[in-house]
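The listed protein sequences derive, respectively, from chains A and B.
Position 79 of the first sequence, counted from 1, bears residue number 79 in full-length UniProt numbering, the numbering being contiguous throughout.
Position 143 of the second sequence, counted from 1, bears residue number 143 in full-length UniProt numbering, the numbering being contiguous throughout.
Derived from the structure by calculation, the hints contain no laboratory data.
Just so it is clear, CB atoms sit at the ideal spot from N, CA and C, and this is done for glycine as well.
Misleading hints may appear alongside valid ones.
Some chain B residues close to chain A (C-beta under 10 Å, calculated; not the full set) [what the hints assert, rightly or not]:
(1) Ser-2
(2) Val-4
(3) Pro-86
(4) Pro-155
(5) Asn-162
(6) Gly-177
(7) Leu-183
(8) Gly-184
(9) Thr-216
(10) Ala-218
(11) Val-219
(12) Pro-220
(13) Ala-223
(14) Val-231
(15) Glu-232
What follows is each chain in one-letter form.
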Amino acid sequence: MTDVARAAALLRAAYETGKPVPPLRGEVLPTGDVDAAYQVQQAQVVAWEAAGRRRVGAKVGLTSAAVQQAFGVFQPDFGVLFADMAVPDGAEIDRGRLLQPRVEAEVAFVLGADLPFEQVTVADVIRATDHVLPAIEVVDSRIAGWDISIVDTVADNASSGLFVLGDQPRRLSDVDLRLAGMVLEHAGEPVSVGAGAACLGNPVHAVAWLAQTLAVAGAPLVVGDVVLSGALGPMVPVTAGASYEARISGLGSVRACFEVGETA
Amino acid sequence: MSTVDQLAVRLDDAVTSRIAIPSSGAGTGLDVPTAYRVQQAVVDRRLARGERAVGLKLGLTSRAKMTQMGVDEVIWGRLTDAMRIPDGGTVRLDDHIHPKAEPEVAFLVEGGAVTAVAPAIEVIDSRYVDFRFTLPEVIADNTSASGFVLGAWQPIPDGIDNLGVLLEVDGRAVQVGSTAAILGDPRRALSDAVRLADVNGVDLADNSILLAGAATAAVPLRAGSYVRVTVERLGTASLRVGS
């Protein structure tokens with residue numbers, strides 16, 4: 001079995017058993033081999049699609065200066081989103097689906113046109129965006145204790161879990177995403193605050209990076225795709241039974257509610 | 001000289017000499033009410049030099065800072081006219097110990113009513129070595145107050161509870177946040193300030209500027225840099241740092 005196949009098998013086991021696995025870097029995958037990590041991610045994506053899961057878009061990760069610094073990387077990463085990861089606004093989230101969830105507030109882009117270009121401008125992204133929505137991404141790690149490097153998180157589908165989209169679409173022309181304030185509240189207390197500029201200077205930049213990267217990889221973004229563009233503030237560990245509300249200035253609000261259950 | 005006056009003199013001397021004093025840690029026996037008496041004595045020394053009281057500032061308005069200091073209530077300090085820096089004006093490092101800038105929102109209180117809001121920069125400069133202090137010590141030190149810049153006053157728009165806030169140094173965003181970091185909504189700072197002013201006999205009508213608290217972490221000032229705060233829908237306030 002190749003390293004890539006072994007890593008994919010370990011991650012699959014983590015999903016199946018609900019038990020996280022030790023870090024892959026330095027053990028199963030060479031430390032710093034991001035290409036191999038994307039091969040691990042791709043192997044899982046192929047298997048998931050073969051199993052009938054519907055691919056609906058992608059997420060961008062590592063979009064904040066602080067997180068990039070912590071990871072020692074100077075570019076974002078991406079993961080693939082499937083329809084069964086989407087949770088309706090305010091619906092109870094089954095903790096059994098998650099290992100060690102955290103939440104972060106983001107801007108979701110919904111595309112009204114394909115973005116097949118290997119060189120992408122901000123203008124391309126703006127033209128291709130049908131609307132934007134407030135979103136809460138429920139990130140999760142199949143790696144024990146979130147002890148992750150760039151290699152671990154890329155292999156693990158960029159630490160994707162579930163996502164909640166708000167349902168009041170806004171046009172990009174109606175909002176100033178760079179300056180848009182973000183607050184994520186739990187029980188009336190802000191637990192994470194930020195603004196659009198925290199995401200690569202503007203969430204639109206994250207989408208441009210993703211479109212270009214995916215086009216080069218031969219799997220470009222297409223009309224209807226949902227893009228989770230990256231966190232606008234620090235991510236927050238989920239407390240059992242907690243309900244989180246994200247508000248993004250100009251975009252409205254969205255909620256992620258977690259079942260009372262055992263904490264991971 | 002009483003202990004209150006002694007500490008007030010040491011803190012006031014640190015401002016003029018630009019030499020920080022060491023924290024005495026938990027062993028001083030300074031309690032919060034006494035600390036506010038020291039603060040009053042520090043401010044009185046400024047007023048005796050001809051400065052004029054122009055308002056209040058609130059501190060520890062974020063949950064993170066409250067937790068860090070182990071308190072669940074905001075603290076407050078006094079602003080004087082000498083602390084005012086014109087918008088776009090210069091702050092000289094030589095006039096300070098180790099100044100830092102914080103993005104804030106300011107309110108204008110006139111005749112007991114809040115009439116306007118402005119984007120603001122607060123310059124803080126603890127008179128304690130390395131910004132290390134106990135809660136009573138920072139209260140005694142007028143909550144590290146040193147300077148402030150106000151952007152343009154304007155009517156308060158609907159919903160100022162989640163405005164994006166950027167602190168840029170030389171055109172690069174170094175802090176990004178939201179006014180939600182200020183007590184969940186900076187308007188709550190207003191009610192806190194009104195209550196504190198009332199309890200402490202401060203006449204807010206005559207002390208009309210209110211700095212509501214920091215929206216992000218503070219950034220150290222470096223010689224030659226240009227610092228700009230932008231608040232969504234409110235605009236900007238800026239300063240230059242001279243040596």
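Results for each hint:
no.: 1; hint: Ser-2; in the structure: violated, 41 Å
no.: 2; hint: Val-4; in the structure: violated, 36 Å
no.: 3; hint: Pro-86; in the structure: violated, 24 Å
no.: 4; hint: Pro-155; in the structure: violated, 18 Å
no.: 5; hint: Asn-162; in the structure: holds, 4 Å
no.: 6; hint: Gly-177; in the structure: holds, 5 Å
no.: 7; hint: Leu-183; in the structure: holds, 9 Å
no.: 8; hint: Gly-184; in the structure: holds, 5 Å
no.: 9; hint: Thr-216; in the structure: holds, 8 Å
no.: 10; hint: Ala-218; in the structure: violated, 15 Å
no.: 11; hint: Val-219; in the structure: violated, 13 Å
no.: 12; hint: Pro-220; in the structure: violated, 17 Å
no.: 13; hint: Ala-223; in the structure: violated, 23 Å
no.: 14; hint: Val-231; in the structure: holds, 8 Å
no.: 15; hint: Glu-232; in the structure: holds, 4 Å
The structure shown violates the earlier hints numbered 1, 2, 3, 4, 10, 11, 12 and 13.
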